[in-house]
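Kindly produce the complete structure, drawing on both the sequences and the hints.
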Amino acid sequence: MSKTYEYVPEPALVKGDHDFSSITSLVTDINMRPTPKGWYVAFTIANILLLILLVSIGYLIWEGTGIWGLNTPANWGWAIINFVWWVGIGHAGTLISAILFLFRQNWRTAINRFAEAMTIFAVMCAGIFPAIHVGRIWVIYWVFPLPNQMAMWPNFESPLLWDVFAVSTYFTVSLLFWYVGLVPDLATIRDKIKSKFGKIAYGIGALGWRGSNRHWWNYEKSYMILAGLATPLVLSVHTIVSFDFAVSIIPGWHTTIFPPYFVAGAVFSGFAMVLTLMIICRKIYGLEEIMTDDHIEKMNIIVLVTGSMVGFAYIMEFFIAWYGQVEYEKAIFIIRATGPYAWAYWIMIVCNVVSPQFFWSKKLRRNVTFTFIISIVVNIGMWFERFVITVTSLSTDFMPSSWGYYSPTMWDVLTYVGTFGLFFSSFLLFLRFLPMVAVAELKGAMPQADPHNYDEKGEYNPPKVEIPEPRKDNLDR
Amino acid sequence: MSTVNKNSVYGILAEVRNPKELIDIARLVNKNGYKKYDTFSPFPIHGIDKAMNLQKSKLGWIVFSHGLIGFTGAIAMIYFMMVYDYPLNISGKPFMNIPAWIPVIFELTILLSAFGAVFGMFFLNGLPKLNHPLFTSENFKKATDDGFFICIEADDPQFDREKVEKLLKDAGATNIETVHED
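Going down the list, the sequences are from chains A and B. Numbering-wise, the numbering used here comes out as the position in the first sequence, counting from 1, plus 314. Numbering-wise, the numbering used here comes out as the position in the second sequence, counting from 1, plus 14.
Keep in mind that the hints are not guaranteed to be accurate.
Claimed, not checked - Listed next, the in silico DSSO-like pairs over lysine-lysine satisfying Cα-Cα at most 30 Å (straight line):
1) B:64 / B:177
2) A:771 / B:155
3) B:49 / A:771
4) B:64 / A:535
5) B:70 / B:143
6) A:510 / B:143
7) B:45 / B:64
8) B:64 / B:49
9) B:50 / B:183
10) B:45 / A:535
11) A:508 / A:597
12) A:612 / A:778
13) A:677 / A:612
14) B:64 / B:183
15) A:506 / B:183
16) A:597 / A:506
17) A:351 / A:535
18) B:70 / A:535
19) A:771 / B:183
20) A:597 / A:612
21) B:155 / A:510
22) A:508 / B:143
23) A:506 / B:50
24) A:535 / B:50
25) A:513 / B:155
26) A:771 / B:45
27) A:329 / A:510
Simulated from the structure, these hints should not be mistaken for lab results.
Take a look at the structure:
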């Protein structure tokens, strides 16, 4: 059988004829230009949604969790669905900033700042739900190991407490990681901005950074260690979130596949969300030369891989339910696919299993409009995944006499819609005031940054792509 | 750094064109026996640690010690709360139920290590810093954009203004200027 080989060189990270200075301007000028009118429009809409969130939370605290559609045995509803959904979205940011860093994937530099910001805001939205669903929010400090009037401590053997530690650690570490990356870029803006107030504000944020190579030396070490810490952290967070379900004995939840399956699903939905935001922002802010179609293609490959892992997990769940021969387990999976919530189940299957399979086609992977649509479809699908897991198992539990149909109320919906207000208000502030691309890291990944790409006289000598000839003896095998 | 009057010299600052030249000039300055000098670039440069003969960063030890505090601290805290201070019988399981403690111990180890990595890095770098003599140079603003700089400090025992200027000039550096204490 004969084989022909084709060497495909890695595409350039930055398109167009850019040097360091033009990259700096391209990104940081966005922060220094007057605020565009469209931004105010978007910010107003986001603020209205944020107001809806505040009103729904206020009413919830006033009236109690009875305003939601919860009822025995479905004591978990939209709150946990939204919590898991938002946390999952956050995971892509850490994956891009930490795991792809450890794998030396330099293309991450175009999107990591952006994705990390998304992580932080998504985790903020997620954190609201477990906090407000407790009913008596004024004693929320009981979840922390603080001395209290009952002289009791939280139960360290409960997955819900593990969740408190996991999510708060995750938020803190993501925030620190993000800030460490921001410091050199804030220094860049400090040195470029004209306004006195801006100089002071960015100067405080930059902590006196001056680009010293003695500093970079510690900085790079710190960045690498943080990436090494964030990698197991991000895997542990969604593992522990899945323990909220898997450690219980509810049919459909009590399975060992949950941790890997949840992590894959989290990365899947997170990348879809990064794509949604990125496709809009690169268009509006004219960053197509930094966030190129090659980036979209690479991210679509990750969506395809993780989407297929999720699809595989769905199949394995069914297989194990049958293979395990537990009546309740078998029943719950049949109910999922054919019972009262079959509509949600099939939405989930179509959105999560079928839709990413289009990305086997290179043409569709590189199609921006198509990617945008799929990225939204995926996030709808991932919301329904959590809905199916939570609601089907709870509403049809061990005793048929207590079975019922769970529906959300207006307040469930408004709280969820409101979190988008929090997310987009924060994200718009980020776009307006902070550099949305990690400028220093991007410059460091450009071919001009490599001292080997200069000749003896110090002139830039771009690397030539050498295409190795395929070895003759391999050709006719 | 000693406290000095207004016009004392902080060092000589010079600019080069690109990362390669910065590495070359750093190597040259290092070979000439200067100890108190620094190079500045908008991004970390591959291989400059060798040219400047930088010692291995101590950050790893800081992170390790913080991680150890997080690990032992978490075990001690949970032991105190779950076994010593208020033991709770949960489904008849032993009070020392270590497998169930692992998630919290793990998270606290990571949290403290991350604190060590971030704050340790800023500590080693002497940041945050309100001001620095180099910020008086208008040209130095490029160091966070596309400028590559080297500065030989006056504190260096070999420092001699004319010699330093000649060395930098012969190495092809431009925009040589004297930076004064602010």
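Against the structure, the hints come out as follows:
no.	hint	in the structure
1	B:64 / B:177	24 Å, holds
2	A:771 / B:155	26 Å, holds
3	B:49 / A:771	27 Å, holds
4	B:64 / A:535	15 Å, holds
5	B:70 / B:143	23 Å, holds
6	A:510 / B:143	19 Å, holds
7	B:45 / B:64	12 Å, holds
8	B:64 / B:49	14 Å, holds
9	B:50 / B:183	18 Å, holds
10	B:45 / A:535	25 Å, holds
11	A:508 / A:597	27 Å, holds
12	A:612 / A:778	23 Å, holds
13	A:677 / A:612	13 Å, holds
14	B:64 / B:183	23 Å, holds
15	A:506 / B:183	28 Å, holds
16	A:597 / A:506	24 Å, holds
17	A:351 / A:535	41 Å, violated
18	B:70 / A:535	10 Å, holds
19	A:771 / B:183	15 Å, holds
20	A:597 / A:612	18 Å, holds
21	B:155 / A:510	15 Å, holds
22	A:508 / B:143	21 Å, holds
23	A:506 / B:50	28 Å, holds
24	A:535 / B:50	22 Å, holds
25	A:513 / B:155	12 Å, holds
26	A:771 / B:45	20 Å, holds
27	A:329 / A:510	34 Å, violated
Going through the hint list in order, the structure does not satisfy hints 17, 27.
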